[in-house]
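Protein chains: 2
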Amino acid sequence: MTDSIATVTDLAERARVASRTLALLTRADKDAALLALADAVDAATDDVVAANAEDLQRGREGGMATGLLDRLTLDADRVAAVADALRDLAGLPDPLGEVVRGSTLANGLQIRQVRVPMGVVGMIYEARPNVTVDAAGLGLKSGNAMILRGGSAAASTNRALVAALRSALTAHGLPADAVQLLEGDHDAVKALMTARGLVDLLIPRGGAGLIQAVVTESTVPVIETGVGNCHVYVDAAADPDKALAIVLNAKTHRPSVCNAAESLLVHRSVAADVLPDVLRDLAGAGVVLHGDDATREHAPDGVVVEPATDEDFDTEYLALEMSVAVVDDLDAALAHVRRHGSGHTEAIVTEDRAAARRWTAEVDAAAVLVNASTRFTDGGEFGFGAEIGISTQKLHARGPMALPELTTTKWVVEGDGQIRG
Amino acid sequence: MTDSIATVTDLAERARVASRTLALLTRADKDAALLALADAVDAATDDVVAANAEDLQRGREGGMATGLLDRLTLDADRVAAVADALRDLAGLPDPLGEVVRGSTLANGLQIRQVRVPMGVVGMIYEARPNVTVDAAGLGLKSGNAMILRGGSAAASTNRALVAALRSALTAHGLPADAVQLLEGDHDAVKALMTARGLVDLLIPRGGAGLIQAVVTESTVPVIETGVGNCHVYVDAAADPDKALAIVLNAKTHRPSVCNAAESLLVHRSVAADVLPDVLRDLAGAGVVLHGDDATREHAPDGVVVEPATDEDFDTEYLALEMSVAVVDDLDAALAHVRRHGSGHTEAIVTEDRAAARRWTAEVDAAAVLVNASTRFTDGGEFGFGAEIGISTQKLHARGPMALPELTTTKWVVEGDGQIRG
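Top to bottom, those sequences are chains A and B.
Take 1 as the starting number for the first sequence in the UniProt record's numbering and just add one per residue.
Take 1 as the starting number for the second sequence in the UniProt record's numbering and just add one per residue.
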């Protein structure tokens with residue numbers, strides 16, 4: 001543990017020094033550097049793909065699941081896409097320097113609250129090497145030095161990517177320590193999580209287990225991302241066509257991500273009208289269904305709906321699987337969401353203004369939707385142009401996090417000799 | 001510990017229920033309630049003063065220091081002031097409902113980010129019973145249910161105050177559980193600090209030891225407040241009159257608070273001009289001085305400047321005591337602040353635009369000041385009308401925290417059947 005603390009302290013101190021240079025760069029400086037980084041990633045394609053082949057082979061030998069192997073894979077096309085994402089970042093506005101608030105006080109002091117970088121940001125994530133490049137780019141654009149801890153299954157790929165990024169930074173006259181990779185065992189991660197004062201912010205990104213561990217063990221401030229047990233509630237006043245389209249899209253468009261719907265609630269008064277079609281279409285799309293007794297009564301012939309347990313309603317399936325319940329009214333739907341929701345995204349389908357108004361006011365979640373698919377809670381969809389994760393906590397950032405969420409502010413106060421009387 | 005966890009769980013669940021009512025109140029509802037609470041505090045003056053007398057007697061018997069006894073004291077005048085602070089809160093704008101950002105997406109979805117309450121907020125503070133009422137009022141206005149843990153030395157006073165507040169809430173048709181007092185030993189505090197998911201935010205307010213303990217032991221998100229090792233740097237291009245006035249004010253106006261200056265840095269080229277007057281006036285105001293060798297050479301006859309140790313430069317005296325160093329240039333001043341500052345408030349005195357620009361850009365602190373006393377970093381001075389503390393962390397809030405800093409946001413998305421393609 002002592003060695004790990006020394007390693008992290010050294011990394012963090014070098015990151016701090018680099019961060020001081022990053023904080024003073026102009027937007028033009030940073031955008032030029034991002035384009036240079038993109039070119040460097042392109043130029044390193046062969047090295048990266050070869051390194052990735054090593055990781056993939058180790059993964060296959062270790063019995064890694066197909067889905068994880070897919071996320072780990074970086075072929076030439078994916079490397080090109082990762083480089084293009086850096087170019088896209090160059091096109092986004094600089095979050096730094098924005099004056100958030102400001103005024104002139106009665107005594108003539110001019111005060112303004114200005115967006116500045118966090119400083120040193122750590123990221124802990126799984127074996128998804130595209131995140132390595134994304135995080136490096138987001139860090140550079142937001143003026144933060146990044147300490148990256150990717151899943152060890154992607155170690156070779158991450159090393160190749162970070163080597164390419166660091167040489168490009170040096171060649172561009174910028175500090176290589178703007179992007180550093182933290183290697184080592186769990187002690188290294190533990191040292192990062194407890195490097196309070198050295199690291200300004202830690203962002204875990206991955207499954208519920210990883211996030212829970214980081215949140216519990218860290219003394220560094222953390223932004224929790226990503227667990228989404230999202231509901232679609234079909235209200236008594238729902239348009240049945242919209243309900244059908246939204247439920248299908250929310251569940252099946254991309255079931256493996258956090259903004260996919262996991263649970264369907266239907267008002268009892270429309271259950272007989274809505275459920276048969278919805279259940280048939282979900283089953284037709286390959287969705288495994290778990291329903292309460294009332295739901296199962298409305299299953300059309302040939303559609304299997306397993307009995308739902310309380311655990312089903314708490315489960316983020318991240319797969320073609322869904323829990324379904326019939327509720328007595330809007331109050332029961334709100335109570336169900338309070339009990340089982342994870343505060344990510346909750347949608348109502350209704351044509352009733354009063355029901356929509358109650359839903360948006362009373363549901364406590366990062367995003368509350370009316371007549372829209374849960375899949376829209378996304379930095380790209382919201383027009384942010386980049387996303388480092390979706391925060392499900394209330395402190396600092398809530399919902400899709402992009403460049404401004406990677407900044408803090410400082411108060412700049414300019415006077416002419418003012419003292420307090 | 002099991003009992004403490006059960007107690008805190010019960011408190012937090014009742015707070016959650018209350019918070020749902022608070023979140024839906026209009027500004028008019030809340031302001032009327034704040035005025036009713038103020039009247040209730042006034043009406044309870046005799047009870048509160050009597051309870052406070054018990055606390056004071058226990059304090060005196062236990063050998064409590066004079067300064068702490070003063071902070072603990074609530075006489076009739078102070079009770080009236082505390083009630084008036086609630087009336088002032090009624091005059092402030094409602095932070096909730098503000099649309100922070102919003103747009104209509106290409107697909108017609110209308111998105112807006114709206115300010116909403118945190119939900120359940122815990123406060124851990126020392127034996128200062130005025131904080132009990134302030135926190136209750138700030139919580140009500142910002143729509144948050146508060147769990148208050150005041151120093152045990154103020155237990156009787158806090159009980160009397162919270163009883164008055166809770167009866168007034170009930171009489172006003174609001175849930176009494178909007179304000180709850182957490183009693184019990186350290187296990188109770190530990191249970192509060194680890195009530196993740198039940199408590200949305202924890203704010204420690206007090207000395208460095210208390211804050212450090214809360215920050216280290218909590219799994220609930222925390223906002224760190226208050227340690228201020230603040231510097232005044234007198235630049236080569238300083239106006240000597242402004243320098244003298246600002247240093248004196250920053251050190252002596254109210255030495256016991258976090259925005260008081262603790263350390264003075266003087267550019268070598270003006271040390272001979274500036275230091276003799278400054279040191280004489282500081283000493284004349286009763287300030288104990290600790291200086292480096294160069295500083296001591298400029299001490300006028302009869303002014304004692306003790307040799308400063310490295311520890312002196314790290315010390316937040318919170319008293320009439322100051323460390324003083326001569327620095328070679330602006331870079332050396334910046335390096336000194338990086339090494340010894342606590343990220344609270346850092347002031348430069350200069351008439352040189354370039355030096356001022358470098359100071360405000362390069363110093364990493366909640367507030368960076370030019371030609372003004374450090375004492376201005378304050379919610380009241382900034383025009384916020386209320387302050388729950390001064391954050392020295394970068395996540396969520398930095399600098400003086402008022403009503404908006406006690407809120408989070410949610411994204412409200414309104415559509416007409418949109419699905420993702």
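Derived by calculation from the structure, the hints in this document are not laboratory data.
Careful, some of the hints might be misleading.
Identical chains blur together in the list; that is why a pair holds if it fits in one copy or across any two.
What the hints assert, rightly or not - With a straight-line cut-off of 20 Å between C-alpha atoms, the simulated SDA-like cross-links for lysine to any residue are:
id, residue 1, residue 2
1, K242, M1
2, K242, Q110
3, K190, R14
4, K190, E217
Quiz item: Under a CA distance limit of 20 Å, which applies to K242 and Q110: within one copy, between copies, both, or neither?
Solution: Between copies only: 17 Å across, 52 Å inside.
Practice problem: If the cutoff is 20 Å on CA atoms, where do K242 and M1 land: within, between, both or neither? Let me know, please. | Solution: For K242 and M1, neither the intra-copy (56 Å) nor the inter-copy (51 Å) Cα distance is at most 20 Å.
Quiz item: 20 Å Cα cut-off: does K190 pair with E217 within a copy, between copies, both or neither?
Solution: Both. Shortest intra-copy (7 Å) and inter-copy (15 Å) distances satisfy the 20 Å Cα cut-off.
Quiz item: Between K190 and R14, at a C-alpha cutoff of 20 Å, which is it: within one copy, between copies, both, or neither?
Solution: Intra 19 Å, inter 35 Å, cutoff 20 Å: intra-copy only.
The structure fails hint 1 only (numbered hints given earlier).
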